[in-house]
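Spelled out, the chains give:
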Amino acid sequence: MLKYVDVSIDGAIIHAVKGTSVLDTAVEYGICIPHLCHVPYLSDIGACRLCIVEHVVNGRSEITTSCTLNVEEGMVIRTNTDRIRKLRRNLAELLVAQAPNSRAIQDIALRCGVTEVRYPFRNDDCVLCGRCVRVCAEVWQARAIGFVGRGKDRHVEYALGVRPDFCKQCGNCVQICPMTIPPCDGPMKPGEEYLCRKCESQLMDETPGSCSWCKLGEGFGCGRYV
Amino acid sequence: MPRLNSYRELEHLRERLREQRQSITTTIMVCGGTGCRTSNSQAVIDSFRNELSSQGLDDSVRLCVTGCHGFCEQGPVIIIEPGNIFYCHVSPEDAFEIVYQTVVKGEVIERLLYEDPVSGERFRTEAEIPFYKAQDRRILSQNRMVDPCSIEDYISAGGYSALPRVLNGMTPADIINEIKSSGLRGCGGGGFPTGRKWGECQEAPGDEKYVICNADEGDPGAYMDRCVLEGNPHLVLEGMIIGAQAVGAHKGYIYVRNEYPLAVKHSRIAVEQACELGLLGDNILGSSFSFEVDIARGGGAFVCGESTALMASIEGKVGEPHPKDVHTVVDGLYHKPTTLNNVETWANVPSIILNGSSWFASKGTKGSKGTKILALTGRIKNTGLVEVAMGTPIREVVFDIGGGAANSNPVKAVQTGGPSGGCLPLEKFDLAVDFDELAEAGSMVGSGGMVVMDEETCMVDVAKYFLEFLQDESCGKCLPCRLGIDRMLEIITDITEGRGRMEQLDLLEELADTVSQTALCGLGKTAPNPVLSTLRYFRPEYEAHIKEKKCPAGVCKALITYSIDPDKCTGCGVCVRGCVHGAITGEKKQVHVIDDQLCQRCGICRSECKFDAIRVT
Chain A
1 MLKYVDVSID GAIIHAVKGT SVLDTAVEYG ICIPHLCHVP YLSDIGACRL CIVEHVVNGR
61 SEITTSCTLN VEEGMVIRTN TDRIRKLRRN LAELLVAQAP NSRAIQDIAL RCGVTEVRYP
121 FRNDDCVLCG RCVRVCAEVW QARAIGFVGR GKDRHVEYAL GVRPDFCKQC GNCVQICPMT
181 IPPCDGPMKP GEEYLCRKCE SQLMDETPGS CSWCKLGEGF GCGRYV
Chain B
227 MPRLNSYREL EHLRERLREQ RQSITTTIMV CGGTGCRTSN SQAVIDSFRN ELSSQGLDDS
287 VRLCVTGCHG FCEQGPVIII EPGNIFYCHV SPEDAFEIVY QTVVKGEVIE RLLYEDPVSG
347 ERFRTEAEIP FYKAQDRRIL SQNRMVDPCS IEDYISAGGY SALPRVLNGM TPADIINEIK
407 SSGLRGCGGG GFPTGRKWGE CQEAPGDEKY VICNADEGDP GAYMDRCVLE GNPHLVLEGM
467 IIGAQAVGAH KGYIYVRNEY PLAVKHSRIA VEQACELGLL GDNILGSSFS FEVDIARGGG
527 AFVCGESTAL MASIEGKVGE PHPKDVHTVV DGLYHKPTTL NNVETWANVP SIILNGSSWF
587 ASKGTKGSKG TKILALTGRI KNTGLVEVAM GTPIREVVFD IGGGAANSNP VKAVQTGGPS
647 GGCLPLEKFD LAVDFDELAE AGSMVGSGGM VVMDEETCMV DVAKYFLEFL QDESCGKCLP
707 CRLGIDRMLE IITDITEGRG RMEQLDLLEE LADTVSQTAL CGLGKTAPNP VLSTLRYFRP
767 EYEAHIKEKK CPAGVCKALI TYSIDPDKCT GCGVCVRGCV HGAITGEKKQ VHVIDDQLCQ
827 RCGICRSECK FDAIRVT
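One line per chain: the protein sequences are A and B, in this order.
Be aware that the first sequence starts at 1, since it is given in the numbering used here, and climbs by one per residue.
Be aware that the second sequence starts at 227, since it is given in the numbering used here, and climbs by one per residue.
Just so you know, the hints here were simulated from the structure itself, not pulled from any lab data.
Accuracy of the hints is not assured; some may be wrong.
Stated by the list, open to error - With a straight-line Cα cutoff of 25 Å, these simulated BS3-like cross-link-like pairs (lysine-lysine) come out:
id : chain 1 : residue 1 : chain 2 : residue 2
1  : A       : K86       : B       : K550
2  : B       : K814      : A       : K152
3  : B       : K654      : B       : K751
4  : B       : K562      : B       : K550
5  : B       : K794      : B       : K814
6  : A       : K3        : B       : K550
7  : B       : K562      : A       : K3
8  : B       : K773      : B       : K359
9  : B       : K794      : B       : K776
10 : B       : K836      : B       : K815
11 : B       : K773      : B       : K783
12 : B       : K477      : B       : K562
13 : B       : K751      : A       : K152
14 : B       : K751      : A       : K86
15 : A       : K18       : B       : K550
16 : B       : K550      : A       : K152
17 : A       : K18       : B       : K773
Stated by the list, open to error - A partial selection of chain A residues facing chain B, derived with a Cβ cut-off under 8 Å:
id : residue
18 : K18
19 : T64
20 : L128
21 : R150
Glycine included, each C-beta is placed from N, C-alpha and C at the ideal position.
Based on the sequences and whatever the hints tell you, model everything.
Rendered as structure tokens:
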């Protein structure tokens, strides 16, 4: 039998199922918390840090990722404070500067309010969100790919660099990758990257933080669309 | 040796060991720590052994190979008891003279005594040396008494006395209350109250619990955990057994990095010896309590010092941290309640139980009790391991114990707490070694590294060094740590290479703040500290790099030029021969010239020049 707990998210008291994460609860109730590495049917690793929220404990607010935080009775969560918005914007800026050549990443940057990128652009193919690694291990039980290396050298790779027999080339890792769809104007050449900002009109300014079933959500694989 | 089945048998053994040792008149304690081994103490040990047997002194003189004595700079170090005579820089050839003069005749060899670099005075005993005098060596002083490979030594020195108290009479709640009221805090960096941690772990549901000793010390220049584990592994083991009894664990791990071969070896021997005596295993000392310890060796990743990454590593998974929304005292190793403490914290436990919490709390400040071991390194006269009472001002550590600047350059700053700590300027040297006070000033006690810097150290370069270290050691799992450190390093590299812009400083500050607030684990959260603290206290240095394109300390190669002072140059030709890049030209007895295009700013000419004629601007 499901147990329920009452949590307060942005002031709204939500009757949430015990054992679910704050992110799942918020998205289900129409409160949008931007996220990238979270996919509803995969385990959460808290790698992209975009879904950070303020968790108020004894009057002090701690910053933590909402995907790894489970709901508890009486919990107070704030998802859209100035502090959170600023941190999230800075994170999205880092992300889009690293990999501008993806519609999902451009969408997230826009959604998080990035208006300028203060770092030189790089043209990376992977943001190490780990969706592919987890879908391979958790859905297909194949573990054909994994993270290799540490820090700057970390990348996704077959074990020992050779495709093992148990990789059936199902392509699920490609499907779930946020980097596969190029920006609306087509792929950017190295050295010519820019912040796209094309889809701004689709954001509803009056109610920031609440889910408007935006097209952007589709782009970054928001939990409501998957 | 037979297994001990009760507290009484342990006491009998202790008495018997002490009786056996009464025939020993003199003990020669040679430091066999890693520091002294690198200065050839193994040969010193061998030559003493030969000397003693050839002079027939095997029975009356005991040669004790101990752990680190702390004064690593003076190694190999030996102490002769009785008399507490302290000899330093001992070579294997000195063994004969020491045995003949000091051991047999009782005379002191002046030449081997420690000479104070400031006053030139020679000191006879360890206690008189200023380096030791100002310290408060509660843990380290036990190092010099025992041979780490001998449980007999530890027992006859009074070891394993706290254990029977814990097993007979004290309830887990008593132990935890004792630790709580002692005010002991985690010495590994976090400073979390140990008693509270144990209490939470004890209350956590589940029968299967674990205790772990974290000996994965990886800060550049810090080695206190290594020395304690290497020099007195039984002390740590005793602490762990007490902790396990308190929280209700039956299995413990010592997670030690494989780069510490001596620590791995000694802790293995200690565990074997304790098992043999029945101090580990089933029904310890005849009680109902059972506890066993395994050694887990780490691959040397800095991030594995973080608790969740460490536990993942013990489980055989990739050493990566995971979110701690549920604390490890509830959901830790193998998803069971786990108490993880640092080596030094465990080593403090037996004496708290033995002497009482008020004894422990008699030293220290309001928030931080007891002592702290610091690894004092950098541009000072006396480097080594020091143990001071909490609340000792940094000034005292650097100038009284450390002896002040190593050369004529005045001390400028001190970096405390390793890569996660911060740099404090000379004005802040009155701050005390105290968890809260240093954290307020933007630094931290951390594990206890203390690197002293002088005027020839560029603070921007220091920040860059630590960022490079952290970039190498970051696991790369979370975005702010992986990309944030990378971008901070990019900006700082721009600054040190003369491409910096003033607005980048604000960006650097904002980015550092973002990383510290959003990173997944402790490594990422504290990674910006070197940047933030140098920006806070040494902003003019950053501005000089950006606005004037100058490095005031003369370190950043892109911003300095080497030239020869024509008034001082005598034309001796030393620099011309010394320059490996062929950048210096000049006839003999003529003023030499450096070709700026060819000069690689290596500084060889400057160190070779006897007339101080090479200028760095």
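Status of the hints after comparison with the structure:
| no. | hint | in the structure |
| --- | --- | --- |
| 1 | A/K86 / B/K550 | holds (23 Å) |
| 2 | B/K814 / A/K152 | violated (51 Å) |
| 3 | B/K654 / B/K751 | holds (24 Å) |
| 4 | B/K562 / B/K550 | holds (14 Å) |
| 5 | B/K794 / B/K814 | holds (14 Å) |
| 6 | A/K3 / B/K550 | holds (24 Å) |
| 7 | B/K562 / A/K3 | holds (24 Å) |
| 8 | B/K773 / B/K359 | violated (47 Å) |
| 9 | B/K794 / B/K776 | holds (24 Å) |
| 10 | B/K836 / B/K815 | holds (15 Å) |
| 11 | B/K773 / B/K783 | holds (16 Å) |
| 12 | B/K477 / B/K562 | holds (11 Å) |
| 13 | B/K751 / A/K152 | holds (17 Å) |
| 14 | B/K751 / A/K86 | holds (17 Å) |
| 15 | A/K18 / B/K550 | holds (19 Å) |
| 16 | B/K550 / A/K152 | holds (24 Å) |
| 17 | A/K18 / B/K773 | violated (57 Å) |
| 18 | K18 | violated (14 Å) |
| 19 | T64 | holds (6 Å) |
| 20 | L128 | holds (7 Å) |
| 21 | R150 | holds (6 Å) |
Checked against the numbered hints listed earlier, the structure breaks hints 2, 8, 17 and 18; every other hint is satisfied.
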